[in-house]
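Novice: As given, the protein sequences belong to chains A and B, one line each in that order.
Be aware that the first sequence starts at 1, since it is given in our numbering, and climbs by one per residue.
Be aware that the second sequence starts at 1, since it is given in our numbering, and climbs by one per residue.
In short, the hints are calculated from the structure, not lab data.
Where is the CB? At the ideal position from N, CA and C, for every residue including glycine.
Do not take every clue at face value.
Output of the computed footprint for chain A on chain B, the stretches with three or more beta carbons under 8 angstroms from beta carbons of chain A [to be verified]:
#1 577 to 588
#2 632 to 641
Subject to a maximum C-alpha distance of 30 angstroms in a straight line, what follows is the list of computed BS3-like cross-link-like pairs (lysine-lysine) [what the hints assert, rightly or not]:
#3 B:Lys645 <-> A:Lys232
#4 A:Lys66 <-> B:Lys614
#5 A:Lys66 <-> B:Lys594
#6 A:Lys293 <-> B:Lys594
Below, each chain spelled out in residue letters.
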Amino acid sequence: MQKVSEKVIARARELMHDGTVSKVVGWKAGEFFYDCEPNVFETEESLKDLVYNRFCGANLSKYMIKNSIASGGEGAGKVLVLLKPCDTYSFNQLLTEHRIDRENVYILGVGCEGMCDIDRIRERGFKGITGVLEADSGNELVITTLYGEGKVNIDDVLLNKCDSCKGKAHKIYDELISDNEDEGPRGDRFEGVRELEAMSPEQRFAFWQAELSKCIRCNACRNACPACSCRKCVFDNNASGIASKANTDSFEEKMFHIIRAFHVAGRCTDCGECTRVCPQGIPLHLFNRKYIKDINDFYGEYAAGEEAGQRGPLISFTEQDIEPGHAVVKGGN
Amino acid sequence: MQRLGVFVCWCGSNIAATVDVDRVVAEAKVQPGVVFAQDYQYMCSEAGQNIIKDAIKQYGLNGIVVCSCSPRMHEATFRKAAEAAGLNPYMVEIANIREHCSWIHKDKEAGTEKACVLMRAAVAKVLLNTPLKAGESKVVKRALVIGGGIAGIQTALDIADAGFPVDIVEKNATIGGRMAQLDKTFPTLDCSSCILTPKMVEAKTNENIRLITYAEVEEVSGFVGSFKAKIRKKARFVKEDVCTGCGVCMSKCPSKKGLNEFNMGLNNRPAIYIPFAQAIPNVAVIDKTQCIKLNTGKCGLCEKVCTAGAIDYTQQDEFIEEEYGAIVMATGFRPIDASKFDEYSYSTCKDVVTSLELERIMNAAGPTGGVLLRPSDGKHPHSIVFVQCVGSRDVSGRGKPYCSKICCMYTAKHAMLIRDKYPDVEVHVFYIDVRTPGKNFDEFYRRAAEQYDVDYIKGQVGKVWEEDGHLVVRGVDLIANEQIVLNTDMVVLATAIEPDPTARKVANMLTASIDTNDFITEAHPKLRPVESPTAGIFLSGVCQGPKDIPETVSQAGAAASKVIGLLSKNKLTTNPCVAHSDELLCNGCSCCEKVCPYGAISYDTHLINDHGVKETRRVALVNEALCQGCGACTVVCPSGAMDLKGFSNKQIMAEVEAICL
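With the rest of the complex left out, here is chain A (with noise of 0.2 angstroms):
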């Protein structure tokens, strides 16, 4: 990961110095070193702040929409962005889209090792956590404390979205900086949806009772999600009448996440952004699983973003085609 990221951040300022980039789109720390956030760098020297490291778990792709559109014109240069392996599917099915201007985009392709959770490396008894280093063995992280040192393996403190790993290809780059392309994907990422769907409907029904009542309507998930990009958000249009369906009443509450995983049903590539960006921990992924699975069991296996230009299952009708009927019998919970 140490190698990678030098290599990233050399190669991000040389294409900026020579002129290929006028703009990148990277990770900046924030007020600790784990609050690693996106962000565009304008000049050359402002670079000094670009990280990529094991806390750049923040996906860039949506970033790309404003600023792809705005560059171009006249004499303006290409926008860097770098994009670890999930996220270039969220870049793909963006562009399948419709959304970034692919001309004015150019992609540095970074390898990436697993992105870490600072509260699951808390929950291993950490306090005072001053830094997290590569220990030399490979797959085990150095957590520097103010009150000593101590190492954690890294399987244990990833990202819940690094858990079940798409795989290390990227899906798309002008350039790549990577030594993993190869390795393949990892866990079973529709675990947790057997688990709900195992459960009977009261039970079910408990559990996001549960899980979605502690929902602040922060956006965060929202504003995060490089599927829901819609010019004007549904939520936030009087006119659309469903602008209220928020948090009047427990009901409404759940109706937010329902409705807006519907909105991106066949769209999601999965990339976990709202669950990573939740504050209050809510599985939101869960919903967005659920709903691929179901078009995977449906329709044949289906993976949004892997490519730029897909027609998705949803969108498109063939004879083949499950009839209502089916779906009910086939997986209807």
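Following the hints, put chain B in place on chain A, whose structure we already have.
Specialist: Structure of chain B alone, referenced to chain A:
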């Protein structure tokens, strides 16, 4: 300020017996915006319509709700009445309290409650209605007939006769269809070819008809008056305009092991062949799966012997694109697979044949030259058993639940012909019922039973098996109430008929609805029997349901007259309930474009002023002439930019809330 009127129809006792109309009126009167409500025995009558017209004028109504039957019955009636009184016809909403309510409920209390709910939903919707204006669309004066059997031929001839050009697309190498395979026809026993071939020739020579054989419709877009079809003309490997039909190639072709489809596979044909002597066009075709030259590159004999130089091994499929005002489905039928009924040993005993196979055996152009011989050893049979209803009227799921309608009559025909030509042959017929409703049909059946001594046995056959070179049939005689075992030489199965498998594909392409048996559904089973609910699609022949030849021909003519009626118009009124896109909300994602079945959505990139922010954006545009108002785009649009006039998202939400709250 909304001023609404609500009119509640009794429909005689159809509604009033299950719905307390007084209560519906009383509840209507307290709905927001409603200034007038009244019930009447028959709202659709002239007196009823006058109540509506008078109320519109007297109370200055700007929207009305009629609680009555399905909008498919009388929406047009009430819209016209409203228009006559000066109200925009799209300010009329129908609450269907008959089909959706009184007809399906018995309890008056529950029925009344539901009628009130439906009325409230319609009021909630009409509050949000806006006046709409219908546009006009063109009519392409050309018809497409899919299927070149007797149904398709007759429809095409009648349309052509009225002066409109028509294309027949036939998937086989020749027109003629199933009728060409028949030997004689009931109840007159005239030769099928003798009455069919003049029609085939007429179709070929009529200058308004273009025959596109060995072809299939691949894609259809558009709508009534303006369909676009893409037709794949499969490679024949023979130049259609050069081949003289001399048949020398057929006699020289060394690959002779193809199953002769025309003779139901009872004998073989060469790889290059003309399906039958009267084929139209009388042009050879090469079966590419069987041709040695096409598979190995060697041979080429047919090319050498063809004096006309018609053979072309390099021929490719061709595509024809054409516009049509109307499309007729005449896709026909096929017999079901008899091997599903293994008790009759069809798949194991050669002497168990289907009726259509017997038809070929009896035909002079058939595999035996018209002499009745057993398929197994070519000997003359002395006894034949016919089994009726094989797979028809079958509710077990193996066969078809419907009556195939033609089997009783053709079995009587076969029995009679055999007894007439070979008086030494005993003929037994096992039947459930003999159904002969048709002109001269019962007389025909009685002639078989009484004059020709055909042994009709009421009962079913349980098992057929082979024993010592003959067949044994075990059945039951229900009248004598005993089991019987018959030794016989041949068994003929009157197999059920089913729609041709292409019907489903074609129906999907045309968005024509089909029933559970894959027969095409009529717009109304009694009143619009030759039209599909999809405008501009018409039905001819067995694709709509089992039929004999006289019925097929009359229905084909009826379909033609509907087509002629449509093609005679210069303009059609379009539905104003079309989609439109709010360009400020549009993401330009193309989801709507992909789901639109009519190709009505395109994209345009232009400068947009979004509340002062000027940006060049890619946004959806709806072609209102193409849009049919199906609403698929409104559902798929993530941002809600797409909306449907007359059925806006807001209106539908208002209806839902009126029902739920």
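Novice: Next, verify each hint and record whether it holds.
Specialist: How the hints compare with the structure:
1. 577 to 588: With 5 residues closer than 8 angstroms to chain A, the region 577 to 588 of chain B meets the three-residue bar; holds.
2. 632 to 641: With 4 residues closer than 8 angstroms to chain A, the region 632 to 641 of chain B meets the three-residue bar; holds.
3. B:Lys645 <-> A:Lys232: holds (21 angstroms)
4. A:Lys66 <-> B:Lys614: holds (14 angstroms)
5. A:Lys66 <-> B:Lys594: Since the Cα atoms of lysine 66 (chain A) and lysine 594 (chain B) sit roughly 24 angstroms apart, the hinted pair holds (cutoff 30 angstroms).
6. A:Lys293 <-> B:Lys594: This hinted pair holds, its Cα atoms lying about 23 angstroms apart.
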